[in-house]
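S.K.: The lines below spell out each chain.
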Amino acid sequence: MRHVSAAEVRAVILDHVAPYLEARGLKPEQVADDFDLLTEGIIDSMGILALIAMIESHFEIKVDMEDLDPEHLTVVGPLSRYFEQKSRPGAH
Amino acid sequence: MARSQRFLSIVEGFLRSSERFPDRPAVEVAGTTLGYGELRTRAASLGATLERHTPDGGSPLTAVFAHRSPTAFAGVLAALWRGYGYVPLNRTFPPTRTRTMLERSGCRSLIVDLESSEQVADVLAGLAGPLLVLLPDHHDARAFRQRWPQHVFVCAGEFEPARAFRPGTPDSIAYLLFTSGSTGTPKGVMVAQRNVRHFVDVMAERYSITEQDRFSQTFDMTFDLSAFDMFVAWERGACLCCPSQRTLLNPGRFIQESKLTVWFSVPSVGMFMKRLGMLKPDMYPTLRWSLFCGEPLPAEIASAWAGAAPKSIIENLYGPTELTIACTLYRWNAASSPAECHLGLVPIGWPYPGMEAIVVNELLQEVAPDQEGELLMAGPQRSLGYWQDAVKTTAAFVHVPGRTELFYRTGDRVRRSSGDGPMVYLGRLDHQVKIQGYRVELGEVEAHLRREANVEAAVALGWPMTPSGAAGIVAFVGDTVLSPAELRERVRATLPAYAVPREIRVLPKLPLNANGKVDRTALLRLLEHPE
Numbered sequence: 001m002r003h004v005s006a007a008e009v010r011a012v013i014l015d016h017v018a019p020y021l022e023a024r025g026l027k028p029e030q031v032a033d034d035f036d037l038l039t040e041g042i043i044d045s046m047g048i049l050a051l052i053a054m055i056e057s058h059f060e061i062k063v064d065m066e067d068l069d070p071e072h073l074t075v076v077g078p079l080s081r082y083f084e085q086k087s088r089p090g091a092h
Numbered sequence: 093m094a095r096s097q098r099f100l101s102i103v104e105g106f107l108r109s110s111e112r113f114p115d116r117p118a119v120e121v122a123g124t125t126l127g128y129g130e131l132r133t134r135a136a137s138l139g140a141t142l143e144r145h146t147p148d149g150g151s152p153l154t155a156v157f158a159h160r161s162p163t164a165f166a167g168v169l170a171a172l173w174r175g176y177g178y179v180p181l182n183r184t185f186p187p188t189r190t191r192t193m194l195e196r197s198g199c200r201s202l203i204v205d206l207e208s209s210e211q212v213a214d215v216l217a218g219l220a221g222p223l224l225v226l227l228p229d230h231h232d233a234r235a236f237r238q239r240w241p242q243h244v245f246v247c248a249g250e251f252e253p254a255r256a257f258r259p260g261t262p263d264s265i266a267y268l269l270f271t272s273g274s275t276g277t278p279k280g281v282m283v284a285q286r287n288v289r290h291f292v293d294v295m296a297e298r299y300s301i302t303e304q305d306r307f308s309q310t311f312d313m314t315f316d317l318s319a320f321d322m323f324v325a326w327e328r329g330a331c332l333c334c335p336s337q338r339t340l341l342n343p344g345r346f347i348q349e350s351k352l353t354v355w356f357s358v359p360s361v362g363m364f365m366k367r368l369g370m371l372k373p374d375m376y377p378t379l380r381w382s383l384f385c386g387e388p389l390p391a392e393i394a395s396a397w398a399g400a401a402p403k404s405i406i407e408n409l410y411g412p413t414e415l416t417i418a419c420t421l422y423r424w425n426a427a428s429s430p431a432e433c434h435l436g437l438v439p440i441g442w443p444y445p446g447m448e449a450i451v452v453n454e455l456l457q458e459v460a461p462d463q464e465g466e467l468l469m470a471g472p473q474r475s476l477g478y479w480q481d482a483v484k485t486t487a488a489f490v491h492v493p494g495r496t497e498l499f500y501r502t503g504d505r506v507r508r509s510s511g512d513g514p515m516v517y518l519g520r521l522d523h524q525v526k527i528q529g530y531r532v533e534l535g536e537v538e539a540h541l542r543r544e545a546n547v548e549a550a551v552a553l554g555w556p557m558t559p560s561g562a563a564g565i566v567a568f569v570g571d572t573v574l575s576p577a578e579l580r581e582r583v584r585a586t587l588p589a590y591a592v593p594r595e596i597r598v599l600p601k602l603p604l605n606a607n608g609k610v611d612r613t614a615l616l617r618l619l620e621h622p623e
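Chains A and B, in that order, give the protein sequences. Residues in the first sequence are numbered consecutively from 1, following the numbering used here. Residues in the second sequence are numbered consecutively from 93, following the numbering used here.
Since the hints were derived computationally from the structure, they do not count as laboratory data. Incorrect hints may have been included.
Within a straight-line C-alpha distance of at most 30 Å, the following computed DSSO-like cross-link-like pairs (lysine-lysine) qualify [as the list claims (entries may be wrong)]:
no. : chain 1 : residue 1 : chain 2 : residue 2
1   : B       : K366      : B       : K403
2   : B       : K403      : A       : K62
3   : A       : K62       : B       : K366
4   : B       : K601      : A       : K62
5   : B       : K372      : A       : K62
6   : B       : K351      : B       : K403
7   : B       : K403      : B       : K372
8   : B       : K366      : B       : K351
Some, not all, of what chain A presents toward chain B, calculated at C-beta under 7 Å [claimed, not checked]:
no. : residue
9   : D15
10  : S45
11  : I61
12  : L73
C-beta: ideal position from N, C-alpha, C; glycine also.
Pulled out of the complex, with its shape left as it was, chain A reads as follows (with noise of 0.2 Å):
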């Protein structure tokens, strides 16, 4: 497993959300840190369980859903920091 950046796994993200963003108007460099996935109305629950899926396979990094903070799970900023972690020699 090679180490992940944040702004990695955020390009990965928005590029999979982008066109429901594009729906709504939002271009990927305006979507701040702490925009809300969820919240914002731009994917439902079963949405980000894909989206986390679909990282998870993207960059081959295992995920146990007991460690991810449901608050942070839906925010871009939180949600690219927690893989580039989960991506570090030594984590698990």
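With chain A's structure known, arrange chain B on it following the hints.
M.R.: Below, chain B without anything else, positioned relative to chain A:
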């Protein structure tokens, strides 16, 4: 003494429970718990207000524009209290689609919760009055009255005291549910009181439901599987646990914290849970029953779930809206089931008690056992047909040679093994796909694309394909002046999010097959081998 044979309406099932268990919880939703007595009081008062303002002989339907809130549940019961059917509307759908459903249903009354009321302007736009709008979460309706003088608004504090309920008749509509239609307009399925009554009796008995049970509600009310959660729980005094979207992000924690005993979801939820470490051994000891419906159930999910919820029995249910929630079932058995699976999918099993299934060819003649064909079903759960659409009703509810009963054509391909083995699901006959459990008629998506792009040909395909249907939709359209992004934005205004193509490709010309029809297979190959 023989028991009374009088028909028991759905609301009476709830009422009996409210008399037996007035202080037990009926619903946990949005951080509050409503006891049976409290929910009954709210429903009765709303129902009486509906009755006061709606003349007999008018529309037999009331729309419930509410989402995962106390008003949503009180609203459903209030409509039934009045003797009407409810029409669920969903604020997560585009407002124009909601307006179409409201218009097509011909409802003259509407119950709206706080959050949905933000969309009232979009939904009421262009609707002829007068409409009765009940606002249980508002304490002041003046702003609404000023803005829409043609409609009648009634808010909290203005409701009538409770009156006796109206039982309706066995043939009264219990709910009208819109499903995707191939022509671009959703079709309303009319489900009668007696259809739901049969379903609820079968399920409550089969699962020995008691007031100790705690049910999940993963489904929105616009998905008819939500009717299982509500009416089977309330029939026996059980508690319905309705999570918020945020709580649903961690279904495992929801099961644990709500101490659920009955779980019901689409298999996709189970698939994500397995992927994300939420199906570890013995995680869910409180579950007695784990039920899946809405998509084919992969055997690996059933197997992992059995390990995570070792005290629960897993059942795979199958059923189109037209046959009332679910009408066949299969019980998972770790030892014998793997051999009965087809392509890794759990069988759909056998018809419910009282229901009859036949497998037929294109001439509606029964095929031999072990042969595949279309599944047709008859029995007490066969619904009344499509709202104000005799043509589509006649096409789907048919007479079969040599039989007197009317059968519903499911459009699903199945095979029944000889020796009364379980039926296995093979796929759709037409261009329908399941996206996260939602039934999407690709023809409807195509109709919207053609209209918006002003082109003759558009093709929508389920892509990428998953064991249970497809993850999303990719569309192809012929030459148009619109950019794919513009086109997507336009169809997003009329289609629910799950039906909006993730990607639209504009081609100068769509490939045609030998019959001069658009070659869907060639387009699928384009997706499989992008080059």
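S.K.: Hints first: check each against the structure and report whether it holds.
M.R.: Hints versus structure:
1. B:K366 <-> B:K403: holds (18 Å)
2. B:K403 <-> A:K62: holds (28 Å)
3. A:K62 <-> B:K366: Distance ~12 Å between K62 of chain A and K366 of chain B Cα, so the pair holds.
4. B:K601 <-> A:K62: Given pair K601 of chain B, K62 of chain A is violated - Cα atoms ~43 Å apart, limit 30 Å.
5. B:K372 <-> A:K62: Within the cut-off at roughly 14 Å; holds.
6. B:K351 <-> B:K403: Holds, at roughly 13 Å.
7. B:K403 <-> B:K372: holds (14 Å)
8. B:K366 <-> B:K351: Holds, because 20 Å separates the two Cα atoms, which is no more than 30 Å.
9. D15: violated (11 Å)
10. S45: holds (4 Å)
11. I61: violated (12 Å)
12. L73: holds (6 Å)
The structure shown violates the earlier hints numbered 4, 9, 11.
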